[in-house]
Amino acid sequence: MSDTSLTVAVIDPSRARAAILEEGLRAAGIGRVVVMADTADLMERVAALAPDVVVIHLESPSRDILEQMSGVARHVERPVAMFVDRSDATMMQAAVDAGISAYVVDGLRPERIKPILDIAILRFNAFSRLQRELSEARGELADRKLIERAKGILMSMKGLSEDEAYKQLRKKAMNEKRKIADIARAIVTAADLLG
Amino acid sequence: MRLHLGYVPLCDAAPVIAAHEMGFARAEGLDLELTAEPSWATLRDRLALGYLDAAHILAPLALASALALSGPPSDLIVPLSLSLNGNAITLSNPLWATMAPESERLADVAGAFARMAGARREAGRPLTLGTVHPFSSHTYQLRLFCEAGGLDPAAVRLVAVPPQHSVEALSRGIVDGFCAGAPWNAVAVAAGLGRIAALGCEVAPDAPEKVLAVAPRLEGAIPPLVRAVAHAGRWCADPANRTELAHRLARRPYLNLDPHLIARTFEGTIVLDGPGREREAPDYLRLDAAAQEPRAAHVGWILSQMRAAGQMPAEDLLPAAEAVYRPDLYAAAGLSPA
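Protein chains in written order, with full-length UniProt numbering: chain A, 1 to 195; chain B, 1 to 338.
Hints were generated in silico from the structure; no laboratory data involved. Keep in mind that a hint or two might mislead.
[What the hints assert, rightly or not] Residues of chain A placed beyond 10 Å of chain B at every Cβ, according to the derived structure:
id : residue
1  : A40
2  : R86
3  : L141
4  : G159
5  : R178
[Said to hold, decoys possible] Not the full set, but computed from the structure, chain B residues with beta-carbon under 7 Å of chain A:
id : residue
6  : T42
7  : H165
8  : W301
Using N, Cα and C, we set each Cβ at its ideal position, and we do this for glycine too.
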């Protein structure tokens with residue numbers, strides 16, 4: 001896709017996510033992509049930019065500003081409308097799943113908007129997948145550190161080898177149907193309090 | 001049964017929050033999962049597309065969603081009204097000082113506002129007022145406030161201001177005033193930035209404000225949900241429970257604001273300005289039993305306001321709108337009469 005005559009504004013409380021979408025739209029040949037901060041003067045800035053399409057994250061409180069800029073407000077020169085493709089319920093669902101809504105200048109043809117939404121859906125989904133993986137990785141790392149500390153406590157208090165300490169943790173976790181990291185956390189907390 | 005309910009963090013979300021917090025839902029065999037929604041548009045879309053089972057929503061937006069005037073088409077229904085009134089119009093301190101109304105009576109205040117707004121319009125610098133969404137009683141109350149002073153509402157610019165931006169918008173001069181629900185007017189007054197010029201209950205007495213909109217697919221779960229939220233609303237309206245209610249609402253994840261500020265809303269003691277001038281308005285926010293029936297008269301009022309604001313297509317949508325409100329489901333919930 002290459003739609004060099006279009007101006008697209010991106011509004012997202014997450015700067016990182018906005019940057020990822022911006023890059024995707026640029027790579028697809030969109031003429032002008034502008035990331036806008038979610039601040040109180042947003043309406044003035046949108047009116048000044050006069051974008052053809054605004055892609056806005058569902059978590060942005062500024063969506064209601066764009067709704068007010070729709071046809072009902074007579075002073076707005078280029079009225080916008082929420083893009084709802086009634087013929088394509090699957091795409092609407094996918095957009096909301098990804099956290100996206102779009103507002104378009106009245107009269108812009110749906111076939112010019114769909115590729116933009118497709119890119120936004122792909123990019124936002126990729127972003128949340130990355131975020132999930134990152135937080136899982138962080139959680140695993142934190143768990144591993146806890147288990148190391150708990151092993152150390154058991155080794156010094158009970159004179160166990162590292163292997164024996166780990167086996168005791170694992171046995172306790174199995175007996176209590178809990179995760180090893182939970183048992184480790186309890187040991188570390190207790191040692192902090194008593195130590 | 002687990003139900004997912006959306007709300008926007010405001011004082012008038014009290015009935016849905018209390019239904020969960022005070023055990024009214026559990027008593028009906030329901031487990032409510034509440035989520036604070038970041039905007040009315042997102043709440044509307046999540047309800048329309050089935051991500052939410054029910055929601056605390058602006059009454060006009062519920063109708064606009066069901067009539068396909070706003071957002072994706074939806075089949076929501078309204079079996080319960082949550083509140084009447086609850087809004088106020090706050091003007092910036094400089095604007096209020098320039099207006100210098102003869103008295104605090106609505107006619108004098110609206111008249112003084114109209115003269116200022118007219119002059120600014122003549123000068124090519126129209127006043128800008130903030131609402132919360134085009135389909136809101138706030139929009140209509142601002143229009144009625146203009147008309148009360150003999151001003152054509154088209155003489156002012158109407159923009160939307162998300163409530164959490166209202167204080168900043170006022171301080172930076174992005175708006176000259178705004179109409180919002182509690183507690184945001186009190187927040188602007190406490191910040192020393194605004195003057196409450198008129199209460200919603202004076203501009204349009206007993207105007208329909210928020211409703212409980214539900215997805216009809218809930219079927220058998222609707223009567224217990226209506227009972228739980230209605231009983232919670234009546235609990236909220238009882239003066240004996242105000243302190244506890246204000247403290248619960250003030251916490252995270254709900255309003256996360258000063259409980260005293262929230263309590264004043266329920267007491268109907270409204271602080272109007274920085275020096276602390278007060279007005280007693282027992283009907284400032286009505287959550288009582290008599291406010292709960294979803295009435296055809298409310299639908300009529302909202303549609304006439306939509307029409308006046310140029311939000312309606314030419315066709316007659318009144319029969320379709322009346323079908324959205326379900327006093328029969330309210331009656332079927334078997335609540336004791338108001």
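To see whether the hints hold, each was checked on the structure:
1. A40: Per Cβ check, A40/A is inside 10 Å of chain B; nearest 4 Å; violated.
2. R86: violated, 7 Å
3. L141: holds, 28 Å
4. G159: Given that every Cβ of chain B is farther than 10 Å from that of G159/A, nearest at about 46 Å, it holds.
5. R178: holds, 25 Å
6. T42: holds, 5 Å
7. H165: holds, 4 Å
8. W301: violated, 18 Å
When each numbered hint is compared with the structure, violations occur for hints 1, 2 and 8.
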